[in-house]
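Number of protein chains: 2
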Amino acid sequence: MKTSIATVCLSGTLAEKLRASAAAGFDGVEIFEPDLVAAPESPQELRALAARLGLTIDLYQPMRDVEGVDEETFGEVLRRAEAKFVLMKTLGADLVLCCSNVATATIDDDEVSAAQLRRLGDIAARYGIRIAYEALAWGRYVDDYRRSWRIVELADHPAVGVCLDSFHILSRGHDPAGIERIPAEKIFFLQLADAPTLSMDVLSWSRHHRLFPGEGSFPLGDLVAHVVRTGYDGPWSLEVFNDTFRQTDPDRTAVHARRSLRHLEDAVARRLGAQAPASLTALTEAGQPRDIDFVEIKAEDTSQVEALLELAGFVPRGRHRTKPVTLWTCGRARVVLNEQHARGLASHLSAFGVAIDDPATLTARADELGTPRAYRRTYATEQSLDAALAPDGTELYWAADALDEPAWVREFEHGTTRVAGAVDRVDHISLTLPWQVIEESVLFYRSVLGLSVTGTTDVPGPQGLMRSRVMSSTDRSVRLPLNVAPPATVERGHAAGLAQHVAFACSGIEDLARAARVRGLDVLPMPDNYYDDLAARFPLPPERLALLRELDLAYDRDEAGEYLHFYTRTVGEVFFEFVERRGGYDGFGAGSAPVRLTAQGAGVRPGSVRS
Amino acid sequence: MKTSIATVCLSGTLAEKLRASAAAGFDGVEIFEPDLVAAPESPQELRALAARLGLTIDLYQPMRDVEGVDEETFGEVLRRAEAKFVLMKTLGADLVLCCSNVATATIDDDEVSAAQLRRLGDIAARYGIRIAYEALAWGRYVDDYRRSWRIVELADHPAVGVCLDSFHILSRGHDPAGIERIPAEKIFFLQLADAPTLSMDVLSWSRHHRLFPGEGSFPLGDLVAHVVRTGYDGPWSLEVFNDTFRQTDPDRTAVHARRSLRHLEDAVARRLGAQAPASLTALTEAGQPRDIDFVEIKAEDTSQVEALLELAGFVPRGRHRTKPVTLWTCGRARVVLNEQHARGLASHLSAFGVAIDDPATLTARADELGTPRAYRRTYATEQSLDAALAPDGTELYWAADALDEPAWVREFEHGTTRVAGAVDRVDHISLTLPWQVIEESVLFYRSVLGLSVTGTTDVPGPQGLMRSRVMSSTDRSVRLPLNVAPPATVERGHAAGLAQHVAFACSGIEDLARAARVRGLDVLPMPDNYYDDLAARFPLPPERLALLRELDLAYDRDEAGEYLHFYTRTVGEVFFEFVERRGGYDGFGAGSAPVRLTAQGAGVRPGSVRS
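These protein sequences, in sequence, are chains A and B. In terms of the numbering used here, the first sequence opens at residue 891 and continues consecutively. In terms of the numbering used here, the second sequence opens at residue 891 and continues consecutively.
Because the hints were derived from the structure by calculation, they are not lab data. Hints are supplied without guarantee of correctness; some may be wrong.
Unchecked claim - Some but not every residue of chain A turned toward chain B, in silico, with C-beta under 10 Å:
#1 943
#2 944
#3 971
#4 1089
#5 1355
#6 1436
#7 1437
Said to hold, decoys possible - Which chain A residues stay away from chain B? Per the calculated CB distances, all over 12 Å, these:
#8 1250
#9 1311
#10 1336
The C-beta atom is built at its ideal place from N, Cα and C for all residues, glycine as well.
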């Protein structure tokens, strides 16, 4: 399987884009014309640079508005095209993308378009160049790949074939099964992009909101399987116009892009099964995580976090044999407090671990996906856990699922024997991310851990809208709400709204709330107005409402059950939530999140930015 | 005219929103229910706070899904509603917004909806509360204000009227003329929002992209004139859901919001002419600016800018009598170099002046619009120019249009007599703004200077997409392209992409380019690839192309004419462009902007952000 990426996916200059693509392991690139036009390097230099980097130039793109035009206009098309063919020869590119006509088409006739593509093909062939004709979703007359293929079939020219682009096919809801009717040798190129389901004009959707495969909702595995079944063995090429990737580090985006193709290759290989060509390899199957194994809070001084845990019924399980690290547990919930190399750091969620059937398989899978490794020093008598670095810098560890306790717990000494408390396990870990890394994070948790997006919501807070995507394992044993903080919050820095939180699942939450309060736990107060509103929303018995109010318990319900929860105050950049799900309630109390954000933000004012 | 603002327009806690609204001069507020639910203050406290601040609580909102439902569901509606009526009594609010049913309606029958509103009205009346029924653009059955009015007419209850919302009416393209058929006493409330023309689902458009009046493309003056003609004299209330305003300084947003209503009042007063009620006042007419009078560059050391100007044919017109400020001129182009109180500052565009028929009228108008004044010390023998502070911090001055030279020029002494050069005047000033202030800036230049948005474009650069809106005077003597830098650029700080530039209009640009080059002007080099592409795009004679290439001249054309231009290197945060418009060319060479951004960014790499 040959991989390629369009330079428009990346930020920077063309030379930077080429270097980033090569470093990420792509085999080739599509050169986006405006990138070349702006480049200070000559086509000869760029050709040499690509060659030195080991990149083929798979496509030059785009050539617009070439067919369906009157003769005079077509003369101008040929003049333009020939100038570009000369350039392509110098650049060493032998395939050009021609988009279906958007602006200048006046003739809605397949025969005319075919005849014009044939004449263009004649000239291209003189330069050893081939033409990949693509139906744009917003083409004036040709906006369906089945029609672009009909025109190419009519043109019947060896230098004229089709380019298939997943966005243009799937955004229009066209059935990709028809791809199998196109002979492989007439599929000159395959461009891939995912996208979120959006209801907006398809041009804006395409130009600003495309995503790398696995980040949106397009069935790309299905589409590519159809393409592979034709016998197509050309590049799988990413063409992702996205406002975020256009402005973030190209090296990082390229690695992320390459990972998306590796993950797609896996999906296609699995779908094709025995039919899959040898060039396609499935990823090592690691299964989904069974549970959250631990969470780690890091700070120069973790004593405030210790106090919160102790008041909530956790016990110190011990101090690590060789590191300034302690472990607190309650039931199967384990919190590691890490003071190593933490000078000046406020409390923050630095890592979490998942329990998995066979850790070695996940290690192999993460490596196959090119995931950066996280590393910690371990001594001979200690267990070495494998770990990856998530896009936001959080470390993700994995260890074997254990009936009783994972083996690594035995490295902690001098602690209290386990006692049972109200807290049983980690219900969810809520990660608030800068807007730059949300897509990459979705792909990371989807491809590495096999989680899927099980819900999206916008939470209005006093500092702006928090956009939330929930990633979960199928049995919900691992739930990770990923939140995108308002950009202005990020510009003002962490403290104003980038707090992470860990939610512990409990039983008997009222008793826990009462006991913790008696012991002096600093619970986030919920306003009276919230309870008056609850009374209007739900027909709760007055004594039940009074209890919720007394204990600062938030409440929600859906068709399946109820959700009761309360929050601690924030320490540094982290806080805890205690939750009890009753019945099959599957949400996160979205109704109370704006109230919580307001209570947490008391005293924090939205700032102003002047240039 | 009574003004009001929905608390959802502003960021912060409810108390902060109330303070910001009062400080900006609003008469009242709409309380958005989630703001109240999250507030730690009791309804009694909020009522007292509003009273102390001099704010009336004009509306409580929203109550959803109240009509078109089966009897069982309606029983639940009444229970919910009564709880809210109790709250409203305590809060001191006597009007509630009821939106047309989106979620629970099962009965598409005006009689049923009317009967249910009537029963709701009966209960409301017992609390002294009235109901304003509004057709949401995405209401399940009721999505047109004409239908909501028909239902209210059928309900025929003194406590039941309509709420008109400009977004819901104009987003659907409904003719607002029908408003005049509604009796004033049945229009219980008027909500106003502008919006850009977008093709997306109306719910997302409404929830994220509303704007304050004057910032989008809705004909609000027309709509409100229809409302005023009915005799409606209730509040003009802003309800603007906008992702940006939700996260930026509420004090500033409130002032900006209030200005938008003052500007709308002017539009309505003018439209109604003699029909306008006495409560509506037009703004002082100041006319449009005649020209750019000067631009000012400020820095601790402006000598590098002096060098650029000198090499481009400008002459030093003199040094200011009392300040460390010099004036450079060429033709009618005047550049003030200001070293006063500039320690540590790099060269940046700090101010510009416009020439206007009668400066006193613009001063009055700016004051009426609540524009912040810019201030500078002047001495007895000097002319004091009035000035306003634009949203991005640039100072805007105005002076009387003068046939020869404005009077303030005489304060500069010991300079060279004017000589003619290729440069004649300022063609345009291109301002790059952080994303937070673009809407406010559009309203500022539209309301204060009477400019309008004459074009929008997205410019792809190596650091991201630059979104550009051009504001111009009708005769194009003043042109201000306003660009929104990619947010990641802003996060990395000014130098990486927030440069401003001043474009000087010239005649004989080839001669200027050659002469400046001979003198050693540091011209921004354009890549060869750009000229090869020009050759493919336009059938230019080879010798003409060779000349463009030799002189690093960029080229564009449209139906009306041609545009030739070149750039200097950036000094600090500012650079210059020299342009020649031939024929009626009305653009800014958008085709060359990505090339220019790439050339300028050479060496600047897009950065990465990790939380």
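The hints, checked one at a time:
1. 943: violated, 18 Å
2. 944: Violated - the Cβ of residue 944 of chain A stays beyond 10 Å from chain B, reaching only about 22 Å at its closest.
3. 971: At about 8 Å, which falls below the 10 Å cut-off, the nearest Cβ of chain B leaves the hint on residue 971 of chain A intact, so it holds.
4. 1089: holds, 4 Å
5. 1355: holds, 6 Å
6. 1436: violated, 16 Å
7. 1437: Status violated, d = 19 Å.
8. 1250: Correct as stated: the minimum Cβ-Cβ distance to chain B is 29 Å, above 12 Å.
9. 1311: holds, 30 Å
10. 1336: holds, 20 Å
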